[in-house]
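Those protein sequence lines, which keep their order, are chains E and C.
Positions 1 to 63 (this note's numbering) are the ones given, in order, by the first sequence.
Positions 1 to 502 (this note's numbering) are the ones given, in order, by the second sequence.
In short, the hints are calculated from the structure, not lab data.
Heads up, the beta-carbon is just placed ideally off N, CA and C, and yes, glycines get one too.
Accuracy of the hints is not assured; some may be wrong.
What the hints assert, rightly or not - Derived, one-sided and incomplete: chain C residues facing chain E with beta-carbon distance under 10 Å:
{"id": "1", "residue": "16"}
{"id": "2", "residue": "145"}
{"id": "3", "residue": "155"}
{"id": "4", "residue": "374"}
{"id": "5", "residue": "408"}
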Amino acid sequence: MAEREQIKKTSTRSDTQSVGPEAKSSAGQELKAELDDLLDEIDEVLETNAEEFVKSYIQKGGQ
Amino acid sequence: MAIPKIVGIETEYGIILRGAEDWNPVSASSLLINSYVASNPGGIEEQGLSVAWDFVDESPGTDAREGITEFSLPPEVETHLVNTVLTNGARYYVDHAHPEISTPECRDALSIVLYDRAAEMICLDAMQAATGNLPPGQEMLLYKDNTDRKGNTYGTHENYLIDRSLPFAQVIAGATTHFVTRQIFTGSGKVGSELPGIDASLVPYQLTQRAEHFEEEVGLETTLKRPIINTRDEPHADSLRYRRLHVIVGDANMAQVATFLKVGTTSILLAMLEDNAFPRMFRLADPVAAMHQVSHDLSLDEPLRLKDGTTATALEIQMDLLGQATDWAEQFGLEAVGVDSGSMVLERWQEILTGLERDPMSMGSQIDWVAKLRLLEGFRERHGCDWGDPRLRAIDVQYHDLRPDKCLAGRVGLEKLVEDDEASVARLEPPTDTRAYFRGKCLQKFADSIVSANWDSIVFDLGAEPLRRVPMLEPSRGTLEHVGALIESSDTVADLLRQLER
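Let's have the full structure, built from the sequences with the hints guiding it.
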């Protein structure tokens, strides 16, 4: 019974996630959704002055 | 017969002391590690983590090639810098101008993934402890990458236990091509090139961080004219029976699957060499040029020139290697690399190569260079920027930021092979199946009586008597099975030593 419920749940989820005939596997879709979320918020996560940050990232003396 | 492939990884982390006017990376790294030790991780007694590293057996200048006469500078050992042993059997120290963690000796690739993740968590604990000791407005930041993208690189070295009787020429012949071609799944990705005269129009993005810093095929160097095969011959074990292959070509991986395959495939390849079960070896015409070429080829279909006059792509060579590895496993079994971990390596190796062949961009949950490239391309699409945009370079660095709220690698859907609660335990607890168990458990229980420790010995102080050095020259001994009950039943170091002598 529990198994049947789970199967049903999974199929509902993949139905709602399908965006068109070209939609790929649900794993691929999840990854795309995660990336879109990150891109929506990236300004909050990224260093505020990217140019200055990149310029000052200096690491001398390594193997 | 192949010997157990005991493995360790050493990672040098990028470091920034943000908010300080003028700071020095050596002092910052020392503050980082001292702050961690002083934070008393694991609630071990005060002196628990102040046990010093013992340099008596260090000889990184010894060359695996006998009678070598060419001029080569041995690496320096900086004995005066902060250097400590952790209760999980790892070493945490300042090397050159970076904080570095060497994982404890691990029995298989899955165990390496666990201790590599534990090392990241130790670094995060250390960053927080150090920031707490800094004036307001200053912050200690670490990055698990391998270059500042300005020509300065720092290493993530792998170490494999190999049989002394395997001729080193065989290692060179067998491993070089793997190190060049495995980059298609071990690369962590980098925006642009660090080679002179190559701009974004030629190389906007490449597979690896390290490839461009290699200039030689074979040699002893690790900081200048880096070679694909490093010949440092310092086994940290019985030197009549063992070598330690010191691999310096790899990138630091954020993707656990990449770390797993990097170590897992290399362990299998070395075991195949020991079993003399490596019938087809591809010899590259110019390994150094091929190393750069593979890193620069995002399509994965550029042919590499071989010594016999033919060509093959990195992917084709890896596919063939996988086929030979599968044959080897059927004939010899997977004991040398750990049966469970080894069969998982073969399975995932197949999956990754097939996926890369079908569509490299579909491997964004497993491979760092793909995950990072997807993010960069997504950003470019939204903001319409070209490859010279500093925000893309910031994304490149911040992919490796260890702060959970800033770490971009933590937000791109990378698959986990070990859970964080498991890795959290591994910050303090040693693996049970190598000599790291003896080192770690002795530190947990008898830290007050330990003067120093290193890979292959521990020095105990029994008070009135002279100091006693306990050698650990056999990396697969000193496990839970061998010494667990003995350590458990010893109330004092004197008890322990008495029982060990029996």
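Verification of the supplied hints:
{"no.": "1", "hint": "16", "result": "7 Å, holds"}
{"no.": "2", "hint": "145", "result": "9 Å, holds"}
{"no.": "3", "hint": "155", "result": "4 Å, holds"}
{"no.": "4", "hint": "374", "result": "6 Å, holds"}
{"no.": "5", "hint": "408", "result": "7 Å, holds"}
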